[in-house]
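*Asks:* Start from the sequences and build out the full structure, keeping to the hints where you can.
Going down the list, the sequences are from chains D and E.
For the first sequence, position 975 (counting from the first letter as 1) is numbered 984 according to our numbering, and the numbering increases by one without interruption.
For the second sequence, position 271 (counting from the first letter as 1) is numbered 264 according to our numbering, and the numbering increases by one without interruption.
Think of the hints as simulated: they come from the structure by calculation, not from any bench.
Some hints could be false.
Stated by the list, open to error - Here are a few chain D residues that face chain E, going by a calculated C-beta distance under 8 Å:
#1 Thr40
#2 Ile103
#3 Lys470
#4 Ala473
#5 Gly605
#6 Thr1016
#7 Pro1159
Don't be surprised by glycine CBs; every beta carbon is placed ideally from N, CA and C.
Here are the chains, one letter per residue:
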Amino acid sequence: MKPLKSTLDGNEAAAFVAYKTSEVIAIYPITPSSPMGELSDTWASQDKKNLWGSVPFVQEMQSEGGAAGTIHGSLQAGSLTTTFTASQGLLLMIPNMFKIAGELTATVFHVASRSLAAQALSIFGDHSDVMTARTTGWAMLFSNSVQEVMDLALISQASTLEGRVPFLHIFDGFRTSHEISKIEMLEESVIRNMISDELVQAHRARGLSPEHPFIRGTAQNPDVYFQARESVNRYYNALPELVQKQMDLFAEQTGRAYHLFDYVGDSEPERILIMMGSGCETVDETIQVLRGQGEKVGVVKIRLYRPFSVKHFVDAIPKTTKKIAVLDRTKEPGALGEPLYMDVVGALAEAWTDSNAPKVIGGRYGLSSKEFTPSMVKSVLEELKKEKPKNHFTIGINDDLTHTSLEFDSTFITESKENVRAVFWGLGSDGTVGANKNSIKIIGEETPLFAQGYFVYDSKKSGAVTVSHLRFGKNPIQSTYLIESASFIAVHQFGFLFRYPVLEPIEKGGVFLLNAPYPADQVWGELPEEIQKIIIEKELQFYVIDAYKVAEESGMGNRINTIMQTCFFAISQVLPKDEAITKIKQAIEKTYGKRGQSVVDKNNKAVDIALSHLALVNTPDQSSSDHKLLLPVAKGAPEFVQKVTAEMLARRGDLLPVSALPDDGTYPSGTARWEKRNIGLEVPVWEEDLCIQCGKCVMVCPHSVIRTKVVDKEHLKGAPISFKTAEPKWKEFSEKEFTLQVAVEDCTGCQLCVEVCPVKDKSQVKRKAINMQPQLPLKEEGIKNWDFFMNLPEVKEPFIFDKPNTKNVQLLEPLFEFSGACAGCGETPYIRLMTQMFGDRAVVANATGCSSIYGGNLPTTPWTKNKEGKGPAWSNSLFEDNAEFGLGMRLALSKQRQHALELLEDQEELIGSQLIGDILKADQTTSEGIQKQRKNVEQLKKKIEDQTDPLLRDLYSLSDQLVKKSVWIIGGDGWAYDIGYGGLDHVLAVGLDVNILVLDTEVYSNTGGQASKATPVGAVAKFATAGKESPKKDLGLLAMDYRNVYVAQIAMGSNDNHTVKAFAEAESYKGPSLLIAYTQCIAHGIDMTKGMNQQKLAVDSGHWPLFRYDPRLEDEGKNPFQLDSQKPRIPLKEYMLNEARYRMLWQSDPKRAEMLLKQKEDFTQKHWNYLEHLSKGNGKRSQGAL
Amino acid sequence: MNLKTTYLGLELKHPLMASASPLSKTADQIKLLEEAGAAAVVMHSLFEEQLTLEEQQLDNTLNYGTESSGEALSYFPELGSFNIGPDEYLEQIALAKKSVDVPVIASLNGVTTGWWIDYAKKIEEAGADALELNVYYIPNRIDQSGSEVEELYLDVLREVKRGVSIPIAMKLSPFFSSTPNMAYKLSKEGADGLVLFNRFYQPDLDLEKLEVVPNLILSSSYEMRLPLLWIAVLFGKVKTDFALTTGIHNHLDVLKAMMVGANVAMMTSEMLSKGRGRFKEILHEMAQWMEEHEYDSVEQMRGSMSQKNVADPSAFKRANYMKMLASFRPDPNSQLP
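*Replies:* Printed below as a string of structure tokens:
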């Protein structure tokens, strides 16, 4: 019987083997390895068995460090144990990895290798992480393709059991972990034959047991440590042969032969490349083409990198080789060369003793998933032809600073013309990627063709663009790079034609499918001229369909996935049309069947009517259009934005030279305002006659697109005709005008503002003071109004700052705007509020997570500055250390301020006692006081700016620190409750003046919804598939235990004034403050337009009581604890059933849902009783209330 | 005392049964109703909206935000199956049929044509004794004529009758231009029974929030007057069974229902407010009343006061309206002039 072929990605291939061969799996989410943990958790919840007929224990931990510790323990107790990780996660495991290897313990960690955070974080693939683990004593086995991932995962497992050396099984993050490919599945019998029960039992027998006790993990002294360290050598010496033996055993059973070092290429090559990972496949493909052109070239693919077997390595290099280029997918600054290069040079020096040893050069490629293409391979091989080839080169970039880079000819293309090469441009929300994944499955599993799919996502969480690259062909596909020559390009969003180089890779005579809101006889005139020219020059077959119309007719809403998929099959004819439609419908049933018949029906209907709307466009011979491509950034943008940011936005970032980029990761503030995304189909329109100027719409706006000002009437001279104003509803502003404006190009159309507006027209209750209307007709006037508005002066009246409430705060300028956060995001309104109140003197430490991605992911970033050039200074360190990172900022700023004061006191003669006194005694508790101090400092700087005395220069450089600074430590619940809790707890205990804002979505949002300790009981999340059993950790109560921490639990949607008050109190408290903010998230499965209402339900049901704990009150003899919300007044179930995270459990396991509801009800009631007890007593915690 | 009756061809030990309500959702609840004394039970309705909306909502949730970010390809775990769709409902029918002896009548509530037939077949396969179709339609288009609305009801009935062989009852609204004509058409299309009437959802207004809010008020005995009138008129003219629903609160209400010609009386509000024990109490009082008034059987009294059997048929006609108005005597304590 032929082995089963299946289409899956690298993560699934690794998880398949890992799950089969493990008893305990400890997991923690980190991109791009998270899906391996998710699959394991899902399989365990479905009672899927391992090789020994048992369901593995899958345990989520609080960090990768925690996972490594758990694994170490489980291994020590004798169980087969594994994990999955990447990047910083692997780094956190390193301490345990030394122990695990030192104790000769059999295990495999599967790593989707990824860049490390250096000048910036990157989620993409390279070998920086695994190369850092070289010294741990682990074997390192590299897989280059999805098939190899499955095969070498098993070979790793078999080898570690026999060799007792732990294994890192490594494959390239995204390129392999997320590439979908058609592979041969391993049959259970093969796995069984490879995994010896005897060795498993031997592993178990080495485990800790009181039945045969021993101690392991001693402390050793100078007399024996060294010798003991050398005692393991024989295991490492034996390992290469042992791994080869397992590879041979594997080959006997599957026919797929691997070697420690696999040479591919000419039998008598002169020039070869040496490398590891997915790039090997591109080299392999390129070499086949070059050999056809008579080139004597080859490649050594390194599989077992550690232990590095010099003998096997040298044996693998053909003796005719004259020159070698070693390609490293990592960077080791300051080193003689990158690690693989160094190993190769060392190995040849050791073992190639005759004088004809080949010359070796080394270079870097592919960092952070940088494309590595055949033209780059060719360039490196060409370089080797030179008498003095460049060493320590880079390939794939333009290094115009240190001139390391090799040039390459991007027109050199090796893709087989026989393959279907299809590129699809879509939006995340239109379902393009999902449909393409289905297409790959259909073709991969229903035809003899090989199939490959790779998907490129952008960094925005709203309006995200996706580009799918699909290849189908008769032979295995080795092209591990994006499609360079496309036979088919589909553009699923008409607007993309104006923004992105969508047709760039299309080949002559290729097919172009466009979703457009125009019929075939009108669409031509609507295209930009540049697109028309490509269609004519490349003689494209141009098809058009109004897929949104079809989607509307079939009830698909904004999902055009199955419609465009049907068109692709009809045009490409990969399968006969009727057969294709049958298969698409089968795939629909398989994918959507469990969601219900009506879901299947609407998809089927879309398939049925799609083709009648598809039309071939008659292409004229000449281009002619009034439409042009759009500029990537708005006019008037600063030089850096024009030259650098704009290129990234136009998807030409790959072409930016090294010199264009800041060398230390420092980027200008306020770049998001130059990227006009225009993603909101509808935007809010203000009704000035109804508006009560309450400020609620400004408060909830996640993207800071609704703003208000009160200005002198004279400032309104020259206002655009449609610029609306109203009489201000503040007695202090009776002579002025109030205005509310909307940034129509930056709005995502989330509707939170409309939902929260409390006013209704008395004659027409559906009309509120703010209502959604289509963006397009409003755009032109909206832009004029916005520009005029932005140039109006800001409100400066001190009472607005010093009497903080929702109404007043709306007038404060936000210094966080237009982020890429999800439409309706619950986090960003809190961040924006912070910047309104304290932004011009804030320093922000931001934990890795959603907020660091929408806050700091290029090309554009939302943190900005005011007209005086002041604004939040923002930085992201890591995920786990954010509290400590912020504390460090506090220490530095306080030290600098203290030193400035010390210096100031000695300079009475020059500066004058009056000014010194003013500075020293300045009351900076009010905005007025802070403004006064700013002026004092300006005076001081003027007085000393020309002084050369070293002490005065010192004072000058420190003088800005004399103005009060506000340190904000911001992050999500994954950080605060889990991975960063140890640091957070310590920072609270230290007692310094920092403000901590926890954006509590109750789940790991950024990595796709894994449970955290903030996840409530009864909620379904990844890693808690069956519904979380344990209650949410009470971070507030834990912090209150310190007694000197200001704590507030807030929910803007329930009580916005309470939120504002808590921010003001927290910031004014001269000690640690902790704000725990309820934030709705798409991972809750709610109607995101009603996110604020859901916050209210969370409070009203008792799930999220509002409270404040202010230690200052205790000093006044009052109860420091104030319970700010009313007794639960709606049933918990009413709140819960509004959210899919709870509802799903009722739909999948109603009995368990009811059981967990009862637990939650019980806990919520007791928790409320306890809070009430605290609020009525002296605020001190006592036993017995719970 | 012989309280036996038949409804939709089913032999019932008495005419008081439970109509579709939240108290007839599960097999366990149906068992409790049987124990309380209900002669038959109409199961809680399987709502078209419940099925399609729940499915669409789940689909939207599972799609929302997916495949947009390389870090988060989805936001929820892949669950093996969802307990949505009719499966749970069908399972409860099957379970109920195993555990009770009284007839179990399933109920479908919807409005879209093309939706009913699959579910009707599945309900028949699950073992339901009969099926009640509740075409809950509120016309709100000014270009839709009364006959079009009537046709919609008839279409649904034809569609279901073609697909299943169990008896079908149509639950109707009271708002037809000619209720007798509509009833006649339905009987011609094969309706086995007519259930009079559906209680229309009539939302209330929240004047503080300026919102339309759902507001379900339990029925009172007074509300049975409307079905009482129409069953009285239809009895003997339309060859279907009749169920009187809405406003059954005591034994007198049941007796009235029988006397105008109903085969059964269906009760919910009374049970919701005072408990299932009301079944036995009402039946006891009904038997007592019949004994006191020397009736032998329900069959004997059935239709005895229908329009065709009363001495003055005009009592059910317009003439009675005048009499009713003339009979009105103001409260002497009222402030009326």
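*Asks:* Each of the hints needs a verdict: does it hold here or not?
*Replies:* Evaluated hints:
Restraint check, Thr40 (chain D) versus chain E: the minimum CB separation of about 4 Å is within 8 Å; hint holds. At its closest, the beta carbon of Ile103 (chain D) sits 23 Å from a beta carbon of chain E; the interface hint therefore is violated under the 8 Å criterion. A distance limit of 8 Å between C-beta atoms decides the matter here; for Lys470 (chain D) the minimum to chain E is near 6 Å, and the interface restraint holds. Annotation: interface hint on Ala473 (chain D) holds; nearest CB of chain E at approximately 4 Å, less than 8 Å.
Against a cut-off of 8 Å between C-beta atoms, the interface hint on Gly605 (chain D) holds, since the closest Cβ of chain E lies about 3 Å away. For Thr1016 (chain D), the shortest C-beta to C-beta distance to chain E is roughly 5 Å, which falls under 8 Å, so the interface hint holds. A least Cβ separation of about 6 Å between Pro1159 (chain D) and chain E falls short of the 8 Å threshold, and the interface hint therefore holds.
Hint compliance for this structure: hint 2 alone is broken.
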